Amino acid sequence: MEIAVVSTGHTKFGNASADIGDLMLSACKQALDGVGAEISIVDVIYIANFSSGFCGQCHLPAVLASKLGVNKEITRIESACAAGGLALKEAVLAILSGLYKTALVVGVEKMSETPIEETTGILARAAEKTEIRHGTIFPALYALMAQRHFHDYGTTEEHLAKIAVKNHKNALNNPVAQFKKEITVEDVLNSRVIASPLKLFDCSPVSDGAAAVLLCNEEVASQFTDLPVYIMGIGHDSDRIGLFERENITTMPAVTHAAQKAFKMCNLNPRDIDVAEIHDCFTIAEIIEMEDLGFCAKGLGKEMIDEGRTEINGDITINPSGGLKAKGHPIGATGISQVVEIVKQLRCECGARQVANAETGLCCNVGGSGATAVVSIFSRRYK
Amino acid sequence: MTWVLISYSEIKMPLPPYCSEYIIGIVENEAAQRCMVQIDQKYVKELSVGTSGEIKCVDGPAGEINRFVPDLSKIK
Chain A
9 MEIAVVSTGH TKFGNASADI GDLMLSACKQ ALDGVGAEIS IVDVIYIANF SSGFCGQCHL
69 PAVLASKLGV NKEITRIESA CAAGGLALKE AVLAILSGLY KTALVVGVEK MSETPIEETT
129 GILARAAEKT EIRHGTIFPA LYALMAQRHF HDYGTTEEHL AKIAVKNHKN ALNNPVAQFK
189 KEITVEDVLN SRVIASPLKL FDCSPVSDGA AAVLLCNEEV ASQFTDLPVY IMGIGHDSDR
249 IGLFERENIT TMPAVTHAAQ KAFKMCNLNP RDIDVAEIHD CFTIAEIIEM EDLGFCAKGL
309 GKEMIDEGRT EINGDITINP SGGLKAKGHP IGATGISQVV EIVKQLRCEC GARQVANAET
369 GLCCNVGGSG ATAVVSIFSR RYK
Chain B
43 MTWVLISYSE IKMPLPPYCS EYIIGIVENE AAQRCMVQID QKYVKELSVG TSGEIKCVDG
103 PAGEINRFVP DLSKIK
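Going line by line, the protein sequences match chains A and B.
Under my numbering, residues 9 to 391 are what the first sequence spells out, in order.
Under my numbering, residues 43 to 118 are what the second sequence spells out, in order.
These are computed hints drawn from the structure, not numbers from a lab.
Cβ-Cβ distance ranges computed for the label pairs, FRET-style:
#1 A:64 <-> B:84: 38 to 48 Å
#2 B:115 <-> A:364: 56 to 66 Å
#3 B:115 <-> A:23: 49 to 59 Å
#4 A:74 <-> B:104: 30 to 40 Å
#5 B:116 <-> A:65: 51 to 61 Å
Straight-line distance between alpha carbons at most 25 Å, and here's what the computed DSS-like set of lysine-lysine pairs gives:
#6 B:54 <-> B:87
#7 A:137 <-> B:54
#8 A:109 <-> A:269
#9 B:54 <-> A:170
#10 A:188 <-> A:177
#11 B:116 <-> B:84
#12 A:137 <-> B:98
#13 A:20 <-> A:75
#14 A:75 <-> A:109
All values reported here derive from a predicted model rather than from experimental measurement.
Backbone N, C-alpha and C fix where the C-beta goes; we use that ideal spot for every residue, glycine too.
If we strip away everything but chain B, and leave its shape as in the complex, we get:
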């Protein structure tokens, strides 16, 4: 399923138990379902509102989280 980035923010002041910087975002799928995601900071320069990608469930320090992976093939 494809998810589209509605908005995102790079957090420079992590909330414990996080201890390093990360990106959070809101994504939406074709069925207009929305959810929170985290995004690896290595993608920061690739992101913009409307970027599409997939989400994967991964373990975070405070429980399961959604990790958004942008589809780099669709980014110019």
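With the rest of the complex left out, here is chain A:
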């Protein structure tokens, strides 16, 4: 695939005073300014966003057009927490169609001004109706997966806690991360239960933020940068929305299918990946996705964690940014934020959290309880 990311933008995740339009504008301007480009060079824009319910603002394409002061083709993409990955895929398809040479993809969510009970309710709308009627919240859906994973494979609360500890440690060196606090396994295990066996420190936070990437076809990319990062493969899959509708709740078939498509597209396999940003909305999700992506066999994620093989410069570095858990999780921005981190890693721009000699990276962006997945693979070398 002859498409490259040539520049990125990222606001600090956390509680932002800026409104949703200004968050988008800030990320877009960073991406353009990074290569000295004007908005006029952008052919098409995609916005990834989950819900207008948080900040009361619909019609985001027009909001962004106003902020940028332009008339452009701008489209909003929604697929729960996988909105970012899906927006990236749509931008890739747009460029591959030959109709466009450049695309700007921006993900955004403004959540912090909404009371937490209301936020929980808005997030629950991405679940199946029966689940909602039974009072299921998203932590509980992932808790159901965790409980069964514990039963089937011997994974424990300590394994999940080690993931939270690793991701908080990584976030210490990420200037855009929401949390800059080292935590211990005991801190996680002693934090309050949200939905057993998941505790507060197993959960990603409520966040505001935006992230943007500027994509170009290969012909245009060389005009902007000597450090393009190529999109080698991208796979997408949708599954049944209800967790109870799936045959096995310790796996996310959409992740497996999306990964298979992405790997096949570039003739690579999981062993080729040096660094990955995967969707740790809850700590159990990181283990399940590691297994479903093929980084280890089913049930062996816990051993990779115990042996430190997913830490920075381990066998495969997972979530050097701090992940959703510690970098933050502004829903619509997350999938693009993952891409920003991988691009920076492959360009050796990550300072103290840099993965040595990283050449190939992967993003896994998941929606709902695994019903939507987008897996994308990047390289600084074009094959």
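Following the hints, complete the assembly by docking chain B onto the known chain A.
For chain B alone, kept in the frame of chain A given last:
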């Protein structure tokens, strides 16, 4: 019909209109049909993956829900 608990979670942060803690679960019957259930919190210490029981339809605050009642005679 007997249903078996596939997984469960005790929710300590109830989703409105619920206002007190409860347990949710996924159960499966002999025909491999699955459904969501709620379970009374008084059973929390009796539950484990594989616990069997019955389900009853009851009115919940947001509409009809399945209530799982574990068969205590089969729990050691």
